[in-house]
Amino acid sequence: MLPYRMLSLLPLLAGCLPPPEETSYRLPFDGQSAIPADYVLTVVRQTTLPDDYPPDTDQIQVWDWTASAPVAGEVATDDQTLTFTPDAPWASEHDFSWTVRPPVQLARGPVLELPPTVLGPAGFSTRNALWPVWGWRGANAGDACVLFSREATADELDAVAVTVGDATVTGGAYAVAMADVEHPPGDPGLTIACWRVPLADGDTLTVTLGDQSWVGAVQTQSAGDVLREVRQWSG
Amino acid sequence: MVWLMLAARAWADDTPATADDEETTAPAATGDDVVPLPVAGFAIRPVGGPAAVTLDTLFIVGGTGGTQIATVAARAPRGDWQFGAAVPLAAYRAPSSHEVGVGNLGADLWHRGRRVDWGLEGRLALGAPAWTWGYAAPDVWPGTGLAVAVQSSQEAGPVTLLGRAAFGIYGTPDVPPFPGTYGRLDGAFAVDWSPVARAGLVGELAWAGWDPTPVDATLGLRALPIDGVQLRAAAWMPLSLWAGGGPYGDVTAGFHELGLSASLTLGR
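Residue numbers (this note's numbering), protein chains in the order written: chain D, 1 to 235; chain G, 1 to 268.
The shape of chain D in the complex, shown without the other chains (with noise of 0.2 Å):
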């Protein structure tokens, strides 16, 4: 128990801790499908801006690869998001990129920043289609779980096929229930699957919907850290 004279202080030593970690992420994350016509591309953050302090309108900008064109839209600001509205909708079954610029720095105003994690450019697509966007061994018993581009059926999962060395399993996967990780709203949907498979760090995992394949080497990751990877988080 403190003494009472030391309890005067807590102020001071308060001073002295680190600030509050402070959340920044992107929506949607790199690679996710099937997003709606009337969606817009959120930059999450914290910031000192003040709300009336005009954006900058280059900050976000969006690249229609399918129409190869840019697309026209308006970045706003306030002091929790950055975000970018398309001038129309999105075209349906195109897709896109968008990067996000670091700001540019005023000798004579107020200091922009935005974490770097948040910056650089990613993919997003309006297809309805499914693909795997991420696959890493997971902590449970080294299951191989993958993060496909949208919510998946139960019939689309039963179709995929995994691959890992010479064994290759077709349906029994298990979905990781979202509310396990940190999941903010605005997001259009995802899915993470895991199918109980032995796999060490390092192996190649292949994994196989309708036609086509996507390979890669897996690590040991949980399905929190691997959003944060894909939405590009800090914090």
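Please note that the accuracy of each hint is not assured.
[Said to hold, decoys possible] Listed next, the stretches of chain G that the computed footprint assigns to chain D, with coverage defined by at least 3 CB atoms under 8 Å from CB atoms of chain D: (1) 56-68; (2) 88-97; (3) 185-199.
[Stated by the list, open to error] Which residues of chain D face chain G? A partial, calculated answer using Cβ under 10 Å: (4) Leu49; (5) Pro50; (6) Val104; (7) Gln105; (8) Arg108; (9) Gly109; (10) Pro110; (11) Leu112; (12) Asp158; (13) His183; (14) Leu209.
Hints in this document: simulated from the structure, not taken from any laboratory.
Remember, predicted model here, so these are calculated numbers, not experimental data.
Think of the CB as a built atom: it goes at the ideal place given N, C-alpha and C, for glycine as much as any other residue.
Knowing the structure of chain D, use the given hints to seat chain G on it.
Only chain G this time, still in chain D's reference frame:
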């Protein structure tokens, strides 16, 4: 502006002149009977003289410039007291646009003494803020506060020496690089040299902390082309910024920017 000057003049006229007034509102060293607008610096405020209205403009040019500030100010004496008010308007760069905003309303009250003038300098944030700054931290960047200031001047022939010291506390939105609530101690020293009756050279060195440009110097000319009219032009030099100290931390030393100022004062 005419309305402002008439209002200031009418307010000042309410008080009959006294022998003490005449003593404390001594004319500047202009050498003849021109209207005695007071000698002042740039951080050092004009105290004394007749009711007056000033239109001041500041253009900050150069690579880190891009801010323009126009200030309308009025002041009126009443006995040993002087009331002043000022409103700055600022045009400034934002990342993708040029913006215009209103600076802080300034309201000053000065008491004129035989050797030392003391004053209260208030700042009140108005709407439509301007997210930039000019000469001094409290003037434009949205903030509200109060300072206590003392000023003094000493005339020796064509040379007038002026000094100022002040301390204030200001509250601003918690938006860096401004430090939220801050105390500001400032001081300035100026020399006015009037080699001819209706013109003078003014040099001033000022320091302030906290301030985004803590040390700066100003060199200017003033002229009284006709009675009751004063023109001033000056170059404002942010020495600390040139030396590599900026509000965002150290910057490369160099000639980053220069303030060019011009003002017109009408007094009667």
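Structure versus earlier hints, numbers of those that do not hold, lowest first = 3, 12, 13, 14
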